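Novice: Chain by chain, the residues run as shown.
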Amino acid sequence: MKNRRLLIGALMGAAAACALPALALDAPKERPILTVSGKIGVKNAGDMARFDMKMLEALPQQTFTTTTPWYDKPVKFTGPLLADVLAAVKANGQTISAVAINDYKISIPMGDLKHKPIVARLLDDKPMPVREKGPLFVVYPFDSSAELRNSTYYERSIWQLKALDIQ
Amino acid sequence: MFSAPNLARWQRRHWVIAIAIFLAITLTPLGWIQWRQVRMLDDISTNQVDSIMWQAYQLERELSRLEQALHDAEMAPQRADGWALAERYEVFLSRIDLLTKIPRRDLLESTPAFAKAQEQLAFFVRTADPLFADAGQLPQQATSLQVLNGQIDLLTPILADLTRESNRAVARFVDERNAQLAQQSRLVIGMAAVQALVMLLFVGLLVRHIRRQQRQYQRLQKLSRDLSEARDQAEAANHGKSVFLANMSHEIRTPFQGLLGMLNLLGEAQLTNVQRDYLQTARDSAQHLLGVLNDILDVSTMESGTLKLTELPTHLRTVVQEVEGLMQVAARDKGLDLNVYAAADLPEWVVADPTRLRQIMFNLINNAIKFTAEGSVMVEVARTGTDGGGVSITVRDTGMGMDEQTVSRLFTRFYQADNSLRRRIGGTGLGLEISRNLARMMGGDIRVTSQPGVGSVFTVTLKLLETTEPQESLLSGSELAGGRHLRVLVAEDHPINLKYMAILLEKMGHDATFCENGEEALQLLQRQPFDVVLLDYHMPVLDGLATTEAIRQLDGPASQIKVILVTADVVNDTRKRALEVGVNEFTSKPLQAEDLQRALRRCGLLDDPEHAMPGVSVNRLSGPFPLSAFEAPVRLPEVPAAVPPADDIIDTEAYAEVMSMMPEDALDELLRTVFDPPEGTAHVLLQALADGDREAVHYNAHKLKGTAMLMGFRAIVRSAAVIEDQSKEPGQPLHVSLATQLQHDIERTQRVLQQLSPHEQT
Numbered sequence: 540m541k542n543r544r545l546l547i548g549a550l551m552g553a554a555a556a557c558a559l560p561a562l563a564l565d566a567p568k569e570r571p572i573l574t575v576s577g578k579i580g581v582k583n584a585g586d587m588a589r590f591d592m593k594m595l596e597a598l599p600q601q602t603f604t605t606t607t608p609w610y611d612k613p614v615k616f617t618g619p620l621l622a623d624v625l626a627a628v629k630a631n632g633q634t635i636s637a638v639a640i641n642d643y644k645i646s647i648p649m650g651d652l653k654h655k656p657i658v659a660r661l662l663d664d665k666p667m668p669v670r671e672k673g674p675l676f677v678v679y680p681f682d683s684s685a686e687l688r689n690s691t692y693y694e695r696s697i698w699q700l701k702a703l704d705i706q
Numbered sequence: 004m005f006s007a008p009n010l011a012r013w014q015r016r017h018w019v020i021a022i023a024i025f026l027a028i029t030l031t032p033l034g035w036i037q038w039r040q041v042r043m044l045d046d047i048s049t050n051q052v053d054s055i056m057w058q059a060y061q062l063e064r065e066l067s068r069l070e071q072a073l074h075d076a077e078m079a080p081q082r083a084d085g086w087a088l089a090e091r092y093e094v095f096l097s098r099i100d101l102l103t104k105i106p107r108r109d110l111l112e113s114t115p116a117f118a119k120a121q122e123q124l125a126f127f128v129r130t131a132d133p134l135f136a137d138a139g140q141l142p143q144q145a146t147s148l149q150v151l152n153g154q155i156d157l158l159t160p161i162l163a164d165l166t167r168e169s170n171r172a173v174a175r176f177v178d179e180r181n182a183q184l185a186q187q188s189r190l191v192i193g194m195a196a197v198q199a200l201v202m203l204l205f206v207g208l209l210v211r212h213i214r215r216q217q218r219q220y221q222r223l224q225k226l227s228r229d230l231s232e233a234r235d236q237a238e239a240a241n242h243g244k245s246v247f248l249a250n251m252s253h254e255i256r257t258p259f260q261g262l263l264g265m266l267n268l269l270g271e272a273q274l275t276n277v278q279r280d281y282l283q284t285a286r287d288s289a290q291h292l293l294g295v296l297n298d299i300l301d302v303s304t305m306e307s308g309t310l311k312l313t314e315l316p317t318h319l320r321t322v323v324q325e326v327e328g329l330m331q332v333a334a335r336d337k338g339l340d341l342n343v344y345a346a347a348d349l350p351e352w353v354v355a356d357p358t359r360l361r362q363i364m365f366n367l368i369n370n371a372i373k374f375t376a377e378g379s380v381m382v383e384v385a386r387t388g389t390d391g392g393g394v395s396i397t398v399r400d401t402g403m404g405m406d407e408q409t410v411s412r413l414f415t416r417f418y419q420a421d422n423s424l425r426r427r428i429g430g431t432g433l434g435l436e437i438s439r440n441l442a443r444m445m446g447g448d449i450r451v452t453s454q455p456g457v458g459s460v461f462t463v464t465l466k467l468l469e470t471t472e473p474q475e476s477l478l479s480g481s482e483l484a485g486g487r488h489l490r491v492l493v494a495e496d497h498p499i500n501l502k503y504m505a506i507l508l509e510k511m512g513h514d515a516t517f518c519e520n521g522e523e524a525l526q527l528l529q530r531q532p533f534d535v536v537l538l539d540y541h542m543p544v545l546d547g548l549a550t551t552e553a554i555r556q557l558d559g560p561a562s563q564i565k566v567i568l569v570t571a572d573v574v575n576d577t578r579k580r581a582l583e584v585g586v587n588e589f590t591s592k593p594l595q596a597e598d599l600q601r602a603l604r605r606c607g608l609l610d611d612p613e614h615a616m617p618g619v620s621v622n623r624l625s626g627p628f629p630l631s632a633f634e635a636p637v638r639l640p641e642v643p644a645a646v647p648p649a650d651d652i653i654d655t656e657a658y659a660e661v662m663s664m665m666p667e668d669a670l671d672e673l674l675r676t677v678f679d680p681p682e683g684t685a686h687v688l689l690q691a692l693a694d695g696d697r698e699a700v701h702y703n704a705h706k707l708k709g710t711a712m713l714m715g716f717r718a719i720v721r722s723a724a725v726i727e728d729q730s731k732e733p734g735q736p737l738h739v740s741l742a743t744q745l746q747h748d749i750e751r752t753q754r755v756l757q758q759l760s761p762h763e764q765t
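Sequences listed follow chains S and D, in order. Under my numbering, residues 540 to 706 are what the first sequence spells out, in order. Under my numbering, residues 4 to 765 are what the second sequence spells out, in order.
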């Protein structure tokens, strides 16, 4: 499938390449860890889109080190941009309702994407088990802007993320 | 000891430094406190300190949920999902790190509850981890579930304890923050106090400075008051001196005229040679005295700055010749050669004050003759410079000369080169000072070079503008009128003067109204319009100056009327005072047609003739400018050899003027008021003398003197003046010779009058 995508991409050129991910999203091969539902254009499991760790790893990765209220020293986060994850499912809503394994729930406005939050999957280059807020953790680059260092963004930094509902 | 800085001496640099230090002292700590507060707020938001409570609570809650899940699995193992159970366990574990790795965990770490919880949790994890390793099978292993439940039961009260402890930790944190804030508040208050103190210090310094300045200002004001008082006093003293000089000039001149007259009369008598010699000495002394008097008057007018040059077109060569002619006599008497050279290219006519020019030359040449025992005196008059208008007069002598010290003090007042000569040579010592001042007024100066035993050279440089020969213009009757018909108000108490003025003004074509004193003049002015007021200086009720002041205080156009003061006062100080009160012009007394004409013209009441009148120059002894000692011989009409006898008795020119002015009958009437008994002033005076009525003598002598001055009866002026003077001192008896002399003068005057009047001869 991947080859075919590349082939078609090569044949159809740059313009078509943009629309290409909308056409297909592989079904997760491993245990899915993130479910995206709601107003999305690409699905791979009924009405939803599911990701396993490999699929998230395949997206472009970002890395930054920042101080947080949850660790007593700066730590390094790695993972795809939240925007890239949403682009992969062609999300077109106004708000993201994020849900954690521990049933924590928070709304993230689409506008927040400009702050470049990531869906972190590595902490200090190591995968995060659930007991260490894993496997996924939405993190804002707090050190890049004082604007981010307040409870609004700390609340939106949801760990043990398991689902996103686009509204 | 602390000494306060003197703010008055502070420069801008000092102020800048002081203000910078003040700002640094007060603002730096404030800034530091602000920065601390910002840090504190940042710390609170970054570290989410209050989340300790939340995390502790969440941990406890997650434990409950795990307990619930385990309990559910125990109840229905077949429905339970081992992985879900494991996930719940993992979530619980994640809560442990969230609490124990929180940045401000120090708030909690020190408490026993925390240590105990940590220990128990570690124990729980050690026990539970192997059990959850095979999560899929866990629901079916009842013993494992029991173990876990037992562990959880142990953990529950410990975590509840931890939650309470967290609550207290947060409270402690708040206390800590409050303490910090309180400390910062105290700091701020302390800073404010320091600021206030520094401000107070500055204000104190400023107040002190202002006080000091005020005191200084008051001192200055007092000083200024004192100075202006001192100035007023000095001016008053100076004024007093001027008045004294004016009086002195009158007091000395009047008897002086008598003295000279008597000396001249004495010269006519039969005298022995010795007596004639005595007489000559007396006459010389009198002339010298007159010179000294004139010098003193010169200096006084120069000092008050009122001396003015009367500049008119002057024939320079004539002036030089006149001076030479007079000085040759003195040089010859001493056996000296006097050589006067006037350069060929000398300007013919220059604008100059001829009297003053002569005075300078007389002084220098006279000095040269005085201080030269033998040899010669050489005078050179030449043109200097090419720009025109420069004239130099060099006087060279072969006299005793002077050393440098003497030369340097030469122009100081009353200084004479050789004190031993003083008695022999005489002089006031004012001559050189006067000459130099005059030269400076003429835009030049006097320089001296001298060598003891060789001689001295005095060089005068003057700026005299070259001019053309003026055209002679004679005053005719119509010119006298000046083309305008003026309404003149005259205030004059002397009846004869009044009559004379009436005739004069009528002759000039003006309309005259008369009154006797200033008060009447004021009343008339308010009733009808006039063009000009002639005020006598000395009047009863209100004198000339007081009347002028009152006129200027009037309402309406009357206050703007031109005022001409008629005065015999020759001292400029009187004029200065008169100008101050608002007098426009002056004429001398006795009033003369030309003087009045000139005064009216200066007032702008008559048209200016095209040319200045060259014929009019100062030629009377009573003129406004006193003459120098060295000019006196030329000016005194009493010099016997040069004057015919008739001129000694009557000033024929003055009398001719009066005659030309008056119709015959008026003149006759005027003469009758002087001579004819029983009303004639002369007659009444003689009668009063005979009666010994001192008051009547004084009054009539004054009256006769005034009339005689007006008519030019010189002899009678002299006798009347002597009588007036003598009658003033009550202690002295009136000498019978006074009456004899007066009688004699009256007869002589009448004799000359008979010769003069054509109509009397026919």
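Don't read these hints as lab results, they were simulated from the structure. Bear in mind that the values here come from a model prediction, so they are computed numbers and not experimental data. Note that the Cβ used here is the ideal one computed from N, Cα and C, for glycine as well. One thing to keep in mind: the hints can contain errors.
Unchecked claim - Chain S regions said to be covered by chain D (calculated; three or more residues, Cβ under 8 angstroms): (1) 607 to 620; (2) 691 to 697.
To be verified - Ranges of calculated distance between the beta carbons of each label pair, as one might list FRET restraints: (3) S:Ala685 to D:Ile22: 30 to 36 angstroms; (4) S:Ala685 to D:Gly207: 42 to 48 angstroms; (5) D:Glu179 to S:Asp663: 29 to 35 angstroms; (6) S:Ala685 to D:Leu208: 34 to 40 angstroms; (7) D:Ala27 to S:Asp682: 53 to 59 angstroms; (8) S:Leu598 to D:Leu26: 20 to 26 angstroms; (9) D:Arg42 to S:Leu598: 55 to 61 angstroms; (10) D:Arg180 to S:Asp663: 18 to 24 angstroms; (11) D:Glu179 to S:Pro613: 22 to 28 angstroms; (12) D:Met78 to S:Leu598: 51 to 57 angstroms; (13) S:Ala685 to D:Met78: 50 to 56 angstroms; (14) S:Pro613 to D:Gln37: 32 to 38 angstroms.
Claimed, not checked - Straight-line Cα separation of at most 25 angstroms, SDA-like style, residue types lysine to any residue; simulated pairs: (15) S:Lys615 to D:Ser67; (16) S:Lys665 to D:Pro106; (17) S:Lys615 to D:Asp109; (18) S:Lys701 to D:Asp109; (19) S:Lys568 to D:Asp100; (20) S:Lys701 to D:Asp46; (21) S:Lys612 to D:Gly139; (22) D:Lys104 to S:Pro648; (23) S:Lys644 to D:Asp109.
Novice: All hints, please: hold or fail.
Specialist: Going through the hints against the structure:
no.	hint	in the structure
1	607 to 620	holds (count 4)
2	691 to 697	violated (count 1)
3	S:Ala685 to D:Ile22: 30 to 36 angstroms	holds (34 angstroms)
4	S:Ala685 to D:Gly207: 42 to 48 angstroms	holds (46 angstroms)
5	D:Glu179 to S:Asp663: 29 to 35 angstroms	holds (31 angstroms)
6	S:Ala685 to D:Leu208: 34 to 40 angstroms	violated (45 angstroms)
7	D:Ala27 to S:Asp682: 53 to 59 angstroms	violated (34 angstroms)
8	S:Leu598 to D:Leu26: 20 to 26 angstroms	violated (57 angstroms)
9	D:Arg42 to S:Leu598: 55 to 61 angstroms	violated (39 angstroms)
10	D:Arg180 to S:Asp663: 18 to 24 angstroms	violated (32 angstroms)
11	D:Glu179 to S:Pro613: 22 to 28 angstroms	holds (25 angstroms)
12	D:Met78 to S:Leu598: 51 to 57 angstroms	violated (43 angstroms)
13	S:Ala685 to D:Met78: 50 to 56 angstroms	holds (52 angstroms)
14	S:Pro613 to D:Gln37: 32 to 38 angstroms	violated (27 angstroms)
15	S:Lys615 to D:Ser67	violated (32 angstroms)
16	S:Lys665 to D:Pro106	holds (21 angstroms)
17	S:Lys615 to D:Asp109	holds (23 angstroms)
18	S:Lys701 to D:Asp109	violated (32 angstroms)
19	S:Lys568 to D:Asp100	violated (31 angstroms)
20	S:Lys701 to D:Asp46	violated (31 angstroms)
21	S:Lys612 to D:Gly139	violated (36 angstroms)
22	D:Lys104 to S:Pro648	violated (29 angstroms)
23	S:Lys644 to D:Asp109	violated (29 angstroms)
Checked against the numbered hints above, the structure breaks hints 2, 6, 7, 8, 9, 10, 12, 14, 15, 18, 19, 20, 21, 22, 23 and satisfies the rest.
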